[in-house]
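Peer 1: Residue numbers (numbering that gives the first Met the number 0), protein chains in the order written: chain A, 0 to 268; chain B, 0 to 81; chain C, 0 to 375.
There is no bait here: all hints are sound.
For lysine-lysine, the following PhoX-like pairs were computed, each having C-alpha atoms within a straight-line distance of at most 20 Å:
#1 LYS45/B / LYS22/B
#2 LYS8/A / LYS223/C
#3 LYS85/A / LYS188/A
#4 LYS7/B / LYS26/B
#5 LYS182/A / LYS85/A
#6 LYS199/C / LYS8/A
#7 LYS7/B / LYS8/A
#8 LYS49/C / LYS1/C
#9 LYS85/A / LYS220/C
#10 LYS220/A / LYS21/B
#11 LYS187/C / LYS1/C
#12 LYS220/A / LYS179/A
#13 LYS148/A / LYS208/A
#14 LYS196/C / LYS223/C
#15 LYS199/C / LYS223/C
#16 LYS26/B / LYS45/B
#17 LYS8/A / LYS236/C
#18 LYS45/B / LYS79/B
#19 LYS182/A / LYS54/B
#20 LYS45/B / LYS80/B
#21 LYS179/A / LYS85/A
#22 LYS194/C / LYS223/C
#23 LYS22/B / LYS220/A
#24 LYS54/B / LYS79/B
#25 LYS85/A / LYS223/C
#26 LYS21/B / LYS79/B
#27 LYS54/B / LYS179/A
#28 LYS194/C / LYS162/C
One side of the interface only, derived from the structure: several residues of chain C facing chain A at Cβ under 10 Å:
#29 ARG25
#30 ARG47
#31 CYS62
#32 SER64
#33 VAL66
#34 ALA91
#35 GLY93
#36 SER98
#37 PRO216
#38 PHE218
#39 LYS220
#40 LYS223
Calculated directly from the structure, the hints in this document are not laboratory data. Glycine residues also receive a C-beta, built at the ideal position from the N, C-alpha and C atoms.
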Amino acid sequence: MQIFEFYRKDRWPHVFCPGCGNGTVMNCFYRAFSELDLPLDGTAFVGGIGCSSRIPLYINSDALHTTHGRAIPFATGLKLSKPELKVVVFTGDGDLGAIGGNHFINGCRRNVDMTVICINNNIYGMTGGQASITTPHDFQSTTTPYGNKEYPFDLAEIAVAAGANYVARWTTRHVHELTKSMKSALQKKGFTFVEIVSQCPTNFGRRNKMADPAQMLDWFKASSVKRDKALASAIDHVDLNLAGQITVGEFVDRDRECYEELIGVEKHG
Amino acid sequence: MKPVIDHKLCKGCNICVYICPKKCYSKGAELSELGYFDAVVSASEKCYNHNREGKLICELCILSCPDQAISWHPETEEEKKK
Amino acid sequence: MKTPAGEYFLQGNDACVEGAMTAGLRFFAGYPITPSTEIAEGLAHRLRGKDGVFLQMEDEIACISAVIGASWGGAKAMTATSGPGFSLMQEAIGYAAMSETPVVVVNVMRGGPSTGQPTRASQGDVMQTKWGSHGDYQVIAFAPASVQEMFDLTVDCFNYSEKYRVPAFLLSDAEVGHMRGLLKIPEKIKIVDRKEKGMKRTDEAYDVPDDLVHPFPIFGKGHKAMVTGMTHTDTSKIEPEDVKVHQDLVKRLSEKVLRNRKDINKWELMCPGSKTMIVSYGSAALGGKEVAATDSRVGLLRLKSIWPLPEEPIAEIASQCEQILVCEMNLGQLYPSIKRIALEAGCRKIEFLSKIGGEPPTPGEVRHKLRGMGAI
Chain A
0 MQIFEFYRKD RWPHVFCPGC GNGTVMNCFY RAFSELDLPL DGTAFVGGIG CSSRIPLYIN
60 SDALHTTHGR AIPFATGLKL SKPELKVVVF TGDGDLGAIG GNHFINGCRR NVDMTVICIN
120 NNIYGMTGGQ ASITTPHDFQ STTTPYGNKE YPFDLAEIAV AAGANYVARW TTRHVHELTK
180 SMKSALQKKG FTFVEIVSQC PTNFGRRNKM ADPAQMLDWF KASSVKRDKA LASAIDHVDL
240 NLAGQITVGE FVDRDRECYE ELIGVEKHG
Chain B
0 MKPVIDHKLC KGCNICVYIC PKKCYSKGAE LSELGYFDAV VSASEKCYNH NREGKLICEL
60 CILSCPDQAI SWHPETEEEK KK
Chain C
0 MKTPAGEYFL QGNDACVEGA MTAGLRFFAG YPITPSTEIA EGLAHRLRGK DGVFLQMEDE
60 IACISAVIGA SWGGAKAMTA TSGPGFSLMQ EAIGYAAMSE TPVVVVNVMR GGPSTGQPTR
120 ASQGDVMQTK WGSHGDYQVI AFAPASVQEM FDLTVDCFNY SEKYRVPAFL LSDAEVGHMR
180 GLLKIPEKIK IVDRKEKGMK RTDEAYDVPD DLVHPFPIFG KGHKAMVTGM THTDTSKIEP
240 EDVKVHQDLV KRLSEKVLRN RKDINKWELM CPGSKTMIVS YGSAALGGKE VAATDSRVGL
300 LRLKSIWPLP EEPIAEIASQ CEQILVCEMN LGQLYPSIKR IALEAGCRKI EFLSKIGGEP
360 PTPGEVRHKL RGMGAI
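Next up, chain A with everything else stripped away, as it sits in the complex (with noise of 0.2 Å):
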């Protein structure tokens, strides 16, 4: 598909900041979803409320920019109310951890047909670089001027355990892994979660020695180890910290009955 077929040409170019890793995760979306042949007048696009929750508004389909944290249950009534409808939902790591975390479990747990992107740059980045449940141990943020007492969550994990068909999690620095994932996450029936690590230098990177973005890839590889493979032990791997691991890789991908099947729900003509 061509990129202003796929894009919205009069709301380019995007507002990003420079380096930020939504424009990476769009691009691996947009080379996913044409290399599937996707049809994008059957698809809808639903964000919640910051940096990536935008991303729906640039895509050239019907887009539902809805309310902090609550993007998942207004995609429920969307799919079911038109089963036929494709739903793709773009969300943040405090939208849909923080706010959106009842909504994120119970989503998984229910199983409705539906692709949810995560964007996790650790940190609330449109209102200025407040902790996120994702902000590692120790880390500065506005919030967290002498470092974050909290630990953080572990939102793939946590999509694994409530009940979701197919989790991923791959970072900004593994492009082709991610798009190869998205591909899976689209094609497989019922909820089916990607989380993206990705780089805020603006918000989060610039306060944590890591102003440039190329600093912060570079964490994420070093950081990076392949779940099956991770070395931290049983309690340890819930901790995106700089001495810890982001595991990545296809987390689970099980085949449970979708929300639609269990009910009978037909699709209208």
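Dock chains B and C against chain A, hints included.
Peer 2: Chains B and C only, in chain A's frame:
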């Protein structure tokens, strides 16, 4: 095919400089129209896709560029010979 | 599947279920909360397979969000709750108003604030219905006072919500929701669907239509709709910094409802020329209704519409009577507005019968108050 940077989109983040395994890009020293020090294609002949048509390999720069500023262009006869 | 025409004897909440199915409901998302749970349970039975989708969500915020999402998929969608759940839904209600999404919310009001009296009636959420979310917006709300009206006004909620692309509320209460009575379903009922004609591309602006309502771009039809809660232009461009864009949008959202008041507002009038008029709504009006029916000195203006507030009928009766008694099951929510309108219209004396605690004012209590006013 050779990579070309669109200077109306590039924001000078230099991820391409970092990511390219063949070091085809360099940090630029000229201020662009948008006010950034754009990256430059300094050695497209080193690219994996130099003198290659059809199915391209690598593509790390195109997939990584946050501003969709890089695209593939056909090479001239002279460029192909490099 | 619609209910066949005929006579039925059932509970208020069940009549609401019938009204919703008759109006074309195809998506319901609910959460158990007394005294509205029967609506969710009734629809869990009715919405299956081709008839529609029923969902019990994880919380009320998920319910209202799912209902709005379903509306964008083209389905007539509804949720039902009570006070505590209604409070949770406020952010999304503002979103529905800002994005002009047709949705119906049933609030079977109970004693508040907070957990309050789960099984007892009140009219404590009346102001919240219009002012509960942040910012300026208008909504449509009806207050049923009988089993029949639980059906009729539910149908009206759907019709007006579709017509004006605005959230519509059925403000019931624990008494009306749980009372049992007669429901007559006629053969023919008018059903309104959202406007789809005259759709433009997202980069084309609309001419301002007379009723201020733009056509609704249902998802999946190639409209490339862009829906957001942020301040946006008619071409759906997000422009939160632009003063004029915000003014134009928010004023149109308000005008859309206020300008069409004559079409929306409903009320019942008994003995309008009486020296004393009772003004009330919902189950608070039932005691007064009996007094007005048996005493020629007293009339009743029973508001079926709560929002937009029916200023015209209130002013009309106020200009003709000597005194007004407002009855509400709260500490005074519509009373100040009714008093203002009545004073401006020339009525000198506006008294208030406030009854909280869960029971509607009895005819005896209304008569007692009227005696104190010198009306009877």
